[in-house]
Every structure is written in C-alpha cells, then in structure tokens.
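Colleague: Here is what each chain is made of, one letter per residue.
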Amino acid sequence: GENVEQHPSTLSVQEGDSAVIKCTYSDSASNYFPWYKQELGKRPQLIIDIRSNVGEKKDQRIAVTLNKTAKHFSLHITETQPEDSAVYFCAAPSGYGNKLVFGAGTILRVKS
Amino acid sequence: KAGVTQTPRYLIKTRGQQVTLSCSPISGHRSVSWYQQTPGQGLQFLFEYFSETQRNKGNFPGRFSGRQFSNSRSEMNVSTLELGDSALYLCASSFSTGNNQETQYFGPGTRLLVL
Chain F
1 GENVEQHPST LSVQEGDSAV IKCTYSDSAS NYFPWYKQEL GKRPQLIIDI
51 RSNVGEKKDQ RIAVTLNKTA KHFSLHITET QPEDSAVYFC AAPSGYGNKL
101 VFGAGTILRV KS
Chain V
1 KAGVTQTPRY LIKTRGQQVT LSCSPISGHR SVSWYQQTPG QGLQFLFEYF
51 SETQRNKGNF PGRFSGRQFS NSRSEMNVST LELGDSALYL CASSFSTGNN
101 QETQYFGPGT RLLVL
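Going down the list, the protein sequences come from chains F and V. Numbers 1 to 112, taken from our numbering, label the letters of the first sequence in order. Numbers 1 to 115, taken from our numbering, label the letters of the second sequence in order.
One should not assume that every hint holds.
[What the hints assert, rightly or not] Some chain F residues judged to face chain V by a derived CB distance under 10 Å, without partners named:
1) Gly1
2) Pro34
3) Gln38
4) Arg43
5) Gln45
6) Leu46
7) Arg51
8) Phe89
9) Pro93
10) Gly97
11) Asn98
12) Leu100
13) Val101
14) Phe102
15) Arg109
[What the hints assert, rightly or not] Non-contacting residues of chain V with respect to chain F, defined by C-beta distances greater than 12 Å in every case (computed):
16) Thr7
17) Ser86
18) Leu112
No lab work stands behind these hints: they were computed from the structure. None of these values were measured; they are calculated from a predicted model. Glycine is no exception: its CB is placed at the ideal position from the N, C-alpha and C atoms.
Between the sequences and the hints, there should be enough to build the whole structure, so can you do that?
Modeller: Here it is in structure tokens:
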C-alpha cells in the first residue's frame, strides 16, 4: 500500500519568509496529491491539490510542485503571515476509491 | 452549500461501552470517508462508503464498523471501547463519480474520550 513521508515535522520562519514542506510517496500509480491545513481545534481544510498530469500549480502565495520520477511533491508558501501558522498535511491516494494516506504533518510557526 | 456536519461534537464514554457517530455530507456528495486522528498516529483511514456500500477499508479491528444510508448520511460505530480509542473522528465527503480521486471536505469531527 501507499506510504507517505513528510518533512520537516516542525518549521519556524520569520514573517515574510518562505516555507517549504516536502513529501515522498511510494506508489507510482498515485495521481492525486492534496495538501490540508489544520488550525488548532479546527477541521483539516484543503488548501491546494495537484494531479499527476501537471508539474506545478499556484494559488496566490501557495504553490505545489510534483516530481513523479522521484515520487515527491512539495508545498511552497511565500511571504508567510502569522495566520499561516498551523499544521499542514500532505496526502496521497491508496487503492480504489477515496482512501487517502496522510503524512505525519508539519507544524508551521510564523514569527512576527 | 452547507458543509459537512458531524454529531455529536464531544463524547465521553467508559471502557467496554459502544458509541455511534454520525456524519452528514455536503448535499449531492455520495462518498463519505472516516478517519481517526490521534497525536501519536496522525490521520488514519478507517473506511469509505459510496452509494451505501463500503468501498474501502483501513487497518482497524472489527470493533469499528460503519454504514451509509440512502441519503448519503453515514454512521460509524465502535463497540467494546478501549482507552486507545480516544481520538478525534473525522468524516470527509466528496462528490465521487467513480474511481478517480475527488476533493474531500472534512467535517468538524467528533472528539471521543474513553475513560
């Protein structure tokens, strides 16, 4: 089955700096890679996703890149703001249907 | 559209009891997945229901079960509760027309504490 590894586990950046979180996956058949943001006490919310037919996708300050050959994908947040502080999870599909395997999460702290 | 809703939001049970959690998906969504979130194990997939049928199952014991109704609402049941079942239980719904992965939208979760 699918295995997803996520690094780093914690990341502290200064407001205005960029943040990068990386994930690797094991199943070469995986073709959909979402990123979720979870604030304390809240539900995970999708912030961006990418499908395997594209290498990069951007949405304002957030971008995701995908390298299918190396089986890794990354989340890039530019011009970080204090409200970006949260736990970020990457995920990849496993098997039939909508099963997602999640990475262990990255705690992002943006210091002002 | 209203988002995914879950009831109850908080629950306290004792070991050996059973519990039923409910999830109402976004209107028109036919797939409901359940996840367990704990500090130690992270987010783990329990099962997925699509058109009232279990389509996928994670690696949890048989004490964890679920079902889906014709209106796509789903319930999960945990029998003979153990201390280790204390967790946030999240459901997620998606439109899901077939095997392709679709965006999953999470509910607020039910926080279960087993004493």
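Colleague: Taking the hints in turn, state whether each one holds.
Modeller: Here's how the hints hold up against the structure:
A hinted interface residue such as Gly1 of chain F counts as satisfied when its beta carbon comes closer than 10 Å to some beta carbon of chain V; here the least separation is about 9 Å, so the hint holds. With 10 Å as the threshold, the beta carbon of Pro34 of chain F comes within range of chain V, its nearest partner Cβ sitting at about 7 Å, so the hint holds. Given the 10 Å rule on beta carbons, the hint for Gln38 of chain F holds: about 9 Å separates it from the nearest Cβ of chain V. The criterion of a C-beta within 10 Å of any C-beta in chain V is met by Arg43 of chain F, whose closest approach is roughly 4 Å, and the hint holds.
Restraint check, Gln45 of chain F versus chain V: the minimum CB separation of about 7 Å is within 10 Å; hint holds. With a least beta-carbon distance of about 6 Å to chain V, the hint placing Leu46 of chain F at the interface is held under the 10 Å criterion. For Arg51 of chain F, the interface hint holds, the least distance from its beta-carbon to any beta-carbon of chain V being 8 Å, beneath 10 Å. Evaluation of the Phe89 of chain F hint against chain V yields a held restraint, the C-beta minimum of about 6 Å falling below 10 Å.
Interface restraint check for Pro93 of chain F: the shortest CB-CB distance to chain V comes to about 5 Å, inside 10 Å, so the restraint holds. The interface hint given for Gly97 of chain F is met, as the beta carbon of that residue sits about 4 Å from the closest beta carbon of chain V, less than 10 Å. Checking Asn98 of chain F against chain V: minimum C-beta separation of about 5 Å stays under 10 Å; hint holds. Look at Leu100 of chain F: its Cβ gets to within about 6 Å of chain V, closer than 10 Å, so that hint holds up.
Because the smallest distance between the Cβ of Val101 of chain F and any Cβ of chain V comes to about 7 Å, under 10 Å, the interface hint for this residue holds. A hinted interface residue such as Phe102 of chain F counts as satisfied when its beta carbon comes closer than 10 Å to some beta carbon of chain V; here the least separation is about 4 Å, so the hint holds. A least Cβ separation of about 17 Å between Arg109 of chain F and chain V goes past the 10 Å threshold, and the interface hint is therefore violated. With 12 Å as the threshold on Cβ separation, the claim that Thr7 of chain V sits away from chain F holds: the shortest Cβ distance comes to roughly 14 Å.
Every C-beta of chain F lies more than 12 Å from that of Ser86 of chain V, the closest at about 16 Å, which supports listing it as non-interface. Annotated as non-interface, Leu112 of chain V keeps its C-beta farther than 12 Å from every C-beta of chain F; the closest such distance is 15 Å.
The earlier numbered hint that this structure contradicts is number 15, and it is the only one.
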